[in-house]
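Chemist: Okay, here's what each chain looks like letter by letter:
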Amino acid sequence: MAGLSPGRYALRRLLVGVLQVFAVATAVFLLTEALPGDAAVALAGDNPDPARIEQIRRVMRLDQPLAERFADWLGGLFRFDLGVSLVSQRPVTAFLTDGLAPTMLLAALTLLVLVPVAVLLGVVAAVREGSPLDRAVTTVSVGLHAIPEFALAIVLVAVFGVQLRWLPPTAVGVGDNLLRQPAVLVLPLVVLLARPICSISRLVRAGMIEALHADYVRHARRLGLSPGRVRLRHALPNAVAAAVPQLAHTTDWLLGGVIVVEAVFVIPGLGTTLVDAVAARDLPVVQGLVVFFAVTTVLVNLVADIVSFRLSPRTEVVR
Amino acid sequence: MTEVVVRVRDLVAEVGRRRLVDGLSLELRAGRVLALVGASGSGKTTTGLAVLGETPPGVTVSGEITVAGREVGPDRPPRPGAVAYVPQHPASVLNPVRRVGGVLREIAERHLPDPPRSRKARRDMVNALVADALRRAQLPADRDLLRRYPHQLSGGQQQRVVLAQALVANPAVLVADEPTTGQDAVTRAEVVDELRALAADGIAILLLSHDLDVVRALADHVVVLRSGVPVESGPTDRVLSQPDNEYTRALVAAQPRVAVEPTDPTDDREDGTSQDTGRLRVESLVAHHGSGRRRRIALHHVDLTVAAGECVAVVGRSGSGKTTLARCIAGLHTATSGVVSVDNRALAPSLRRRSRTDLASVQYVFQDARGSFDQHRSVLDQISRTAVRLHGSRPADAAEAAMAVLRRVGLGEEHARRGPHRLSGGELQRAALARALLARPGVLLCDEITSGLDTLTQQGILDLLAELRATTAGTLVLISHDMGVVARLADQVVVLDAGHVVERGPVAEVLATPTHPVTRALLGAPEREPDELIAR
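From first to last, the protein sequence lines are chains W and R.
Throughout the first sequence, residue numbering follows the UniProt record's numbering, covering 1 to 319 in sequence.
Throughout the second sequence, residue numbering follows the UniProt record's numbering, covering 1 to 536 in sequence.
I should point out that these hints are in silico values taken from the structure, not numbers from a laboratory.
Since we're looking at a predicted model, the values are computed, not measured.
Think of the CB as a built atom: it goes at the ideal place given N, C-alpha and C, for glycine as much as any other residue.
A portion of the hints provided could be inaccurate.
So, partial list: chain W residues that the calculated Cβ filter (under 8 Å) puts toward chain R [to be verified]:
1. Val-28
2. Thr-32
3. Asp-215
4. Arg-222
5. Leu-223
6. Gly-224
7. Leu-225
8. Arg-233
9. His-234
10. Pro-237
11. Ala-241
12. Ser-308
13. Phe-309
14. Pro-313
Chain W on its own, in the form it takes in the complex (with noise of 0.2 Å):
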C-alpha cells in the first residue's frame, strides 16, 4: 500500500465499485422477476378482466423478453433514467429526490451532532480512565447501545409528544421540507444518534486508552510536548482512525433511510418510500431504489478507506 497513492486507490476502488453496483443491480433485477406473482394482475384491481390484465402487460413491457427488458433498464441507468412507477407513472427518479431530500437532512444532522459528542465522550473517559465519569459514560452507553430504535422511539412519543406534549409526536402534516418545522426532527435525531454515539465513543475510548499507554505517547511528553499537546496530536489520531469504519457503516445505515425511525415519526424519505414501494409492487420504484442503496454503500466505504488511511498510513486496505 505503501507506494500506492491515495488518488490511483481511490480511482481502483471507484472501478471496482461500479463492477459491484452492476452485480447488484443484475442480482435486483433478476430476483424481482423471479418473484411469484403477477405484476399486471395485481395491477388491475379486484375483479380484472382478462381484456385489461393484457393491456397492462403491454404498456408495462412485460411480454417482452427478459433480455431485452433487462438490457434496457441497464441502459436507462447509465442515463439516470430508472424507468416509471407501475403505480403513479411517474419517473423512478422523481420518487428518489422526494425521499432523499428528507432523510439526507436527518442523516446529515446526525453526523454532525455524532462525529463531536463521540469522539469527545470516548477522549474524556479514556482521560480519565476507571474514574467515575469515565464509568458513568461506559454503564450508560452499553445500557443505551442495549435499546432497539423501536422502543425508544416509541418511548420518547409517548413522553415528549403525547403526555408531556413539549415536541410534536410526527412529522405528519409539515410536508417536504422538515426544516420549515425544526422542532419535529428532534426525536428522529435523538433516537438516530443514541445506538452510535454509544458505539462510535467506545471504540474511541478504547483506541485512545490503548493510544495513552503506547510508548510513543511516553516518549513525545519525555521530549517535552505538553499533555494536552500529546492527547490531541499523537495519541486521538490513532484512537479516531479505529472508530472510522463504525462511522462508514453508521453513514451507510442512515443513508438507506432507517425505516423504522422514518415510519415511526411519518418521515417521508427513502425508508418510507422503500416500505411504500414494495406494499405496493412497484417494482421499478424497489430496482431503482437498490441500486441507489448500493451506490451509497460503495461510496460511503471507499470514503471511510481513504480518510483511514490518510489517519494511519499503516492500515493495510483492501484492494
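Once you've looked at the hints, dock chain R against the given chain W.
Modeler: Using the frame of chain W, we list chain R on its own:
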C-alpha cells in the same frame, strides 16, 4: 575535566523484595561515554529509565540522581528534553500515524531558545533546528525523508529519527539502550561513529549494552552489573582486558570470536559426499517481495546443498535475503521458481500444500522467541502440540515426549509448566528449539536465534546447538550476521548480498581469506569498504 552531568548515588530499585538494582553509583561527565554492561535482566534498562525520572510499573526506586544540576526522581523528571533516550526498539516510540518531519518540527517549536514574534522567523528557526538535528543524527535533510511515516523507514533510519528527535530538544545526556542489538557489523560501525560524534559535541552518553565490541569502541568508563549489583568499575581498557572480577572475566570470555581453525574434524569426510547426496537441496531459487509494480526480486537463482549432519551458515547484511531464503525453505514465503527438496523429495513451495511429513521435516526457530509463543498457554502445552499435530501422537504421549526433549535442552518440569512470560529470553529460546526438535526435523532453520541475547546466554545456546549437532544427524541452516557464531558452529558458509550468493565455501577458508568485499565488511575487516557498499 568537564562538568559532571549525571551523578547517581546508591541507586536501589526493588520489585517487592527483589532488588533489580542494588547500590549503583556512577558519575558521567559531558562529552564522555560510560557503559553499563551486564547480561539481560541485570538492571541496565531500569537504571537508564531512573535517569529519565521514570520507573517501570511496580518498581520502587531510592537513591540520589542528579542530571545537569537538578535532582531527579519519580515525581521530579529532568528538564524536558535534557535526557535523550534511544530505546532498544526505536519503532515503538515512533507514532505510526505521524510523519517524521511533522513531529520533528513540533518538538523544535517547543524548544526554541528564544521564540521570535514573527511567524516567518519562527518557522525559519524551527527548520534550522530540525536540519541541524538531522545532520547530527547523520540523516539526509531532504523533504522526502521528512514526509515519510515511520513504517516507511528502515530499522537504522528509525533509530536515527529517534535520535534526531532527541537532539532537537538539545539534550545534555543521551541514554542509549542496546543501540546495536540485532544489527550487522557494518550498521554497528555506523552507530558507533554516530555516538562518537555526539560525544565529541559535548553530550554525555550512558551506553547500556551487552555488546562488548561496541563498549570497547566507544566507552571511556565501564560499570559491570551482575543482577543489579555493580561488581566492577573502571576505565574500559583496563576492565575489558584485565578484568579483576570473575563475572567480568566470564562475560569477556563468553564473547564469540572469529576463530580461523576448522571447528569440526568431520569436515573433510563430508566434503566429497555433500555434492550429490544432499539432505537439503535448494536449486535455482528465485523469490520476490511485493506485487504489481512494487514487486522486487529478493533472491536471484540461489543454489544450496547441505549434507545430513552438516551445518551451513547463511550470512549477509540485513536485507540481503537470508531470512527470505530460510522462509522459502520452510514454505512461509512462496518462491517464484526453483526447487526445495529434502532427502530428494521436492517440497511444495507453499506451507499450505505440504504434507505433515514434509512439515515435520523442516523446522524453523525464530529470532524472537517470545513472539513465537502464545502468552496464555503453558510452554509444555505448546511444545507437545507439535507431536500431536505432526506425528498424530496422543496428548499424554506427546507431553511425555515434549518433556524428554525439554530436558535435553536443559529445561526442567518447573519451567515447562510455566507460561512463556515467566521464562527468560534464553530459556524461551531453548524451549523454541525443543519445540522444533520434537518434530524430528531433517532440516533445522535457526534464524538469528542468539542475537538479542547477552553473551553468556548466547554461549549457552550455542553450546546446546553444538551438542545437538554432535548427537543427532540433523542438518542445520544457521542464519546469522555474527561471524563469531558462524565460526563456532558452521561447516560451510554462504554469503548473500542483495539476493545473490557472492561467496561460499568451507568456514575456515572463507573466514581466513574472504574474497568478496561484503564478506570482509561482515568480518569487520577493512575500514573503507562499507562506504563502497552503501554507495551501491
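Chemist: Look at each hint and say if it fits the structure.
Modeler: Going down the list of hints, with the structure as the test:
At its closest, the beta carbon of Val-28 of chain W sits 33 Å from a beta carbon of chain R; the interface hint therefore is violated under the 8 Å criterion. Taking 8 Å as the C-beta contact cut-off toward chain R, the hint placing Thr-32 of chain W at the interface is violated, the least distance being around 39 Å. Taken as an interface hint, Asp-215 of chain W checks out: its beta carbon lies about 4 Å from the nearest beta carbon of chain R, inside 8 Å. At a threshold of 8 Å, the smallest CB-CB gap from Arg-222 of chain W to chain R is about 6 Å, leaving the interface hint in force.
Below 8 Å, beta-carbon pairs count as interface contacts, and Leu-223 of chain W has one with chain R at about 5 Å; its hint therefore holds. A distance limit of 8 Å between C-beta atoms decides the matter here; for Gly-224 of chain W the minimum to chain R is near 3 Å, and the interface restraint holds. A cut of 8 Å between beta carbons decides the hint on Leu-225 of chain W: the least distance to chain R is about 6 Å, and the hint holds. Residue-level restraint check for Arg-233 of chain W holds (minimum Cβ-Cβ distance to chain R is 7 Å; threshold 8 Å).
Because the beta carbon of His-234 of chain W sits about 5 Å from the nearest beta carbon in chain R, less than 8 Å, this interface hint is met. For Pro-237 of chain W, the shortest C-beta to C-beta distance to chain R is roughly 5 Å, which falls under 8 Å, so the interface hint holds. Taking 8 Å as the C-beta contact cut-off toward chain R, the hint placing Ala-241 of chain W at the interface holds, the least distance being around 7 Å. The criterion of a C-beta within 8 Å of any C-beta in chain R is not met by Ser-308 of chain W, whose closest approach is roughly 10 Å, and the hint is violated.
The criterion of a C-beta within 8 Å of any C-beta in chain R is not met by Phe-309 of chain W, whose closest approach is roughly 11 Å, and the hint is violated. With its C-beta approaching chain R no nearer than about 5 Å, Pro-313 of chain W sits inside the 8 Å limit, and its interface hint holds.
Hints 1, 2, 12 and 13 from the earlier list are contradicted by this structure; the remaining hints agree with it.
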